[in-house]
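> Chains as they are written, first to last, in this note's numbering: chain X, 334 to 718; chain F, 334 to 718.
Worth double-checking, as some hints may not be accurate.
Since the list can't tell identical chains apart, any single copy or any two copies may satisfy a pair.
Unchecked claim - Keeping only pairs whose Cα atoms sit at most 27 Å apart, straight-line, the calculated DSS-like set for lysine-lysine is:
(1) Lys643 - Lys585
(2) Lys412 - Lys445
(3) Lys443 - Lys640
(4) Lys640 - Lys521
Calculated from the structure, these hints are not laboratory results. Computed from a predicted structure; not experimentally measured.
2 protein chains.
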Amino acid sequence: DMNEDVIDIDDPFARDPQRHPALMINSLKPFNAEPPPELVVDSYITPNELFFVRNHLPVPVVDPKTFRLEIEFSSGKTKKFSLDDLKKFKEHTITASLQCAGNRRSEMSKYKPVKGLSWNFTAISNARWTGVLLRDVLQSAGVTLTNDEIKHVQFEGLDKDPTGAPYGASIAIEKALGPFGDVLLAYKMNGEELPGDHGFPLRVIVPGVVGARNVKWLSKIILSDIESQSHWQQNDYKGFSPSVDWDSVDFKKSVAVQDYPCQSAICQPKNGSEVHRSEETVVVKGYSWSGGGRDTIRVDVSGDGGKTWKVATLQKEHQTPYRAWAWSLWEVELPIPADGKKMEIICKSVDDSYNVQPDSVQGIWNLRGLLNNSWHHIAVDVKEE
Amino acid sequence: DMNEDVIDIDDPFARDPQRHPALMINSLKPFNAEPPPELVVDSYITPNELFFVRNHLPVPVVDPKTFRLEIEFSSGKTKKFSLDDLKKFKEHTITASLQCAGNRRSEMSKYKPVKGLSWNFTAISNARWTGVLLRDVLQSAGVTLTNDEIKHVQFEGLDKDPTGAPYGASIAIEKALGPFGDVLLAYKMNGEELPGDHGFPLRVIVPGVVGARNVKWLSKIILSDIESQSHWQQNDYKGFSPSVDWDSVDFKKSVAVQDYPCQSAICQPKNGSEVHRSEETVVVKGYSWSGGGRDTIRVDVSGDGGKTWKVATLQKEHQTPYRAWAWSLWEVELPIPADGKKMEIICKSVDDSYNVQPDSVQGIWNLRGLLNNSWHHIAVDVKEE
Ligand SMILES: [Mo]
Ligand SMILES: [Mo]
Numbered sequence: 334d335m336n337e338d339v340i341d342i343d344d345p346f347a348r349d350p351q352r353h354p355a356l357m358i359n360s361l362k363p364f365n366a367e368p369p370p371e372l373v374v375d376s377y378i379t380p381n382e383l384f385f386v387r388n389h390l391p392v393p394v395v396d397p398k399t400f401r402l403e404i405e406f407s408s409g410k411t412k413k414f415s416l417d418d419l420k421k422f423k424e425h426t427i428t429a430s431l432q433c434a435g436n437r438r439s440e441m442s443k444y445k446p447v448k449g450l451s452w453n454f455t456a457i458s459n460a461r462w463t464g465v466l467l468r469d470v471l472q473s474a475g476v477t478l479t480n481d482e483i484k485h486v487q488f489e490g491l492d493k494d495p496t497g498a499p500y501g502a503s504i505a506i507e508k509a510l511g512p513f514g515d516v517l518l519a520y521k522m523n524g525e526e527l528p529g530d531h532g533f534p535l536r537v538i539v540p541g542v543v544g545a546r547n548v549k550w551l552s553k554i555i556l557s558d559i560e561s562q563s564h565w566q567q568n569d570y571k572g573f574s575p576s577v578d579w580d581s582v583d584f585k586k587s588v589a590v591q592d593y594p595c596q597s598a599i600c601q602p603k604n605g606s607e608v609h610r611s612e613e614t615v616v617v618k619g620y621s622w623s624g625g626g627r628d629t630i631r632v633d634v635s636g637d638g639g640k641t642w643k644v645a646t647l648q649k650e651h652q653t654p655y656r657a658w659a660w661s662l663w664e665v666e667l668p669i670p671a672d673g674k675k676m677e678i679i680c681k682s683v684d685d686s687y688n689v690q691p692d693s694v695q696g697i698w699n700l701r702g703l704l705n706n707s708w709h710h711i712a713v714d715v716k717e718e
Numbered sequence: 334d335m336n337e338d339v340i341d342i343d344d345p346f347a348r349d350p351q352r353h354p355a356l357m358i359n360s361l362k363p364f365n366a367e368p369p370p371e372l373v374v375d376s377y378i379t380p381n382e383l384f385f386v387r388n389h390l391p392v393p394v395v396d397p398k399t400f401r402l403e404i405e406f407s408s409g410k411t412k413k414f415s416l417d418d419l420k421k422f423k424e425h426t427i428t429a430s431l432q433c434a435g436n437r438r439s440e441m442s443k444y445k446p447v448k449g450l451s452w453n454f455t456a457i458s459n460a461r462w463t464g465v466l467l468r469d470v471l472q473s474a475g476v477t478l479t480n481d482e483i484k485h486v487q488f489e490g491l492d493k494d495p496t497g498a499p500y501g502a503s504i505a506i507e508k509a510l511g512p513f514g515d516v517l518l519a520y521k522m523n524g525e526e527l528p529g530d531h532g533f534p535l536r537v538i539v540p541g542v543v544g545a546r547n548v549k550w551l552s553k554i555i556l557s558d559i560e561s562q563s564h565w566q567q568n569d570y571k572g573f574s575p576s577v578d579w580d581s582v583d584f585k586k587s588v589a590v591q592d593y594p595c596q597s598a599i600c601q602p603k604n605g606s607e608v609h610r611s612e613e614t615v616v617v618k619g620y621s622w623s624g625g626g627r628d629t630i631r632v633d634v635s636g637d638g639g640k641t642w643k644v645a646t647l648q649k650e651h652q653t654p655y656r657a658w659a660w661s662l663w664e665v666e667l668p669i670p671a672d673g674k675k676m677e678i679i680c681k682s683v684d685d686s687y688n689v690q691p692d693s694v695q696g697i698w699n700l701r702g703l704l705n706n707s708w709h710h711i712a713v714d715v716k717e718e
């Protein structure tokens, strides 16, 4: 088909990359999609082509040879780095999960409608990221924690809105420079070049922090006394009380989401699927993760709607204290109840700060539908024959 | 009365200090008591004599002149420090709240009985602690994060059980040496010498971490590849799934509580007190705190049992990111509902990692009654005249 190679020059999304057909699409332009739950629990490391994609804008097409990362210091001076310049710093690989702030928004919307992409429960993935430490690059330029003029590190991407404004976000200087922050300027994902949808040729990985601050197609770093003034840092990706509505909301009064709270979800069996009473047990699988370097220490799973709980077996790699950036996959075998046509399955996790997930959406509902980390519920039909 | 000066030499508690009569006592020997809620919200800094007391054993009587802190290094070598030796290091003052892991246990017990002291909801207090940084003392002896043989810092107190074993606990080396850990060897509390009940002459303040690791009457620090082997680190102060009972519990399978999850409670009005409908509003006050250096960013308060929420005004001091060690006090004026004989008031807090408190005790119940941070509920009677 000749048309496959024809690019509509009026469509800013026309040069977006090819995507894997298994991805569950929430929006085409910009492209937003998540992997099917049954594939999520298949592998501790999410394959690049199945990693959830959260694009705010068209994917920029970048020539790695002419690409430069610019750093603007608090003096106003700037310095440019080619990819080869960056690769002179010590290379590090870290395993880190990223999660969209809107993961599980569709469940929150069922309680009361919210604004935003209707993510299911797998806008989260786990990869090995290779690059150089932002800390090393900044320290080589003399940036230290003792400089009181620098409170935030702002990031800009090469992806631009119709007015020409780049995607932007920022993090605290303590996260960037602290010895346990592990913020990475990443050029590889699972051993391969970064895919176009994940920031080729360079993105920042801010482990433990909500996806939105992990700026892709990273082109500029600004050391500043203030947060990024971008729409996404100032007027989006903030939480509110359940009683705040679009008439009363004041984004200035809330705090930008950074570290993510603890989360877990059931990926197998599927909600609404069938089990047979004669099988006696059902294997339940899912993921759990907590931000801020906190590790999952326990996942409780119930097969009777929360009356009793069984502790799941966790699959995870060793991580050092305060630097647990990667998720856990988990598995548990639950007895199928002796009677009843439905089996209600719930999971909830505990992190190493003994933070837990809230029981329900009621208390965490917010108008942007962010950070739904309530207990995850599914129900399966129990068949008799 | 002559008897006041007579000490029963067979009673190991006979030399315990005098206490303030306002403290609400949970146990006399050892002494465990908490301040009345109405006094808690009276002052951001808790006066020394009203600070909650959690003693596991009799209070040791220590001569500060002969007192020595011993540090045992991974080589097995030891070094002793007098108080004057320690005071040669740079002095620091930090404001930090301490909370007992058993705070609010009495509410958890109402859901289903647990073992432990029946704390009400004010086993938490806030003070300014002055001392020297453990990090500075260890670094002066050449201890660094790159030493793989050291994973934990163990603490021993001068308080001993009947077998002669000291109270003990440990923390991760990353907390002790990290630049944002702020672990203090404290000799002053709110500008005064440490009171006997709070560790005179020296205690460790591990900010953001559960009270039990903030060892009082500190006499020994051991740098080790393993955690403290004390009863309190190994077989106590650990959380479990709600379905674990005393027949099935295996303390080896759980993780010692360190950083505390987010917490809040209503201190005013009192549960069961009266309000008058003609007053139209009621002022509600309380505290909120989160461990791990996380700050409270919002407290939601409901006067209608959770149907609607009003955001409270927070009273707190400036704290730097990742190092928010002190609580917030909060206040909100709620409308008294137009009808009904009871007004059900609930509070719940959000920390800067957007961690929230769980809705109910049901999912966090554990056989030791630890870490009850469920939404705090009270009810007041609404009078008509
Ligand atoms: Mo996101
Ligand atoms: Mo405690």
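> List, from low to high, the hint numbers that the structure doesn't satisfy.
2, 4
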